[in-house]
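Undergrad: All chains, full assembly: derive it from the sequences and hints.
Counting from 1, position 23 in the sequence shown corresponds to residue 79 in the working numbering; the numbering is continuous, with no gaps.
None of these hints come from the bench; they were simulated from the model. Positions of the beta carbon are idealized from the N, C-alpha and C atoms, including for glycine. Do not take every clue at face value.
Said to hold, decoys possible - Per label pair, the in silico range of CB-to-CB distance:
| # | residue 1 | residue 2 | range |
| --- | --- | --- | --- |
| 1 | Ala87 | Ser58 | 41 to 47 Å |
| 2 | Arg121 | Leu93 | 18 to 24 Å |
| 3 | Val96 | Pro60 | 39 to 45 Å |
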Amino acid sequence: MSDPARGRFLLISLVQIGALVGACLGLVLAARAEETLGKVVGIALVIAALWVLGVVPRALARRWRSEQ
57 MSDPARGRFL
67 LISLVQIGAL
77 VGACLGLVLA
87 ARAEETLGKV
97 VGIALVIAAL
107 WVLGVVPRAL
117 ARRWRSEQ
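TA: So this is what it looks like as structure tokens:
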């Protein structure tokens, strides 16, 4: 694997890990919240993290695709 490809792979992996951490944090926040606002913020964080997990790595891979 070339150096640019290794860096790109690392960035995509870090985005995925960060999104998973965000989703877990949102689940914990929503589960432990006693007020409605805390639950809404937790659920919004989970939804945003799942969106990032599904969209951003594909967008980065598409942007970096070689023209072979």
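Undergrad: Quick check: which numbered hints come out false for this structure?
TA: 2
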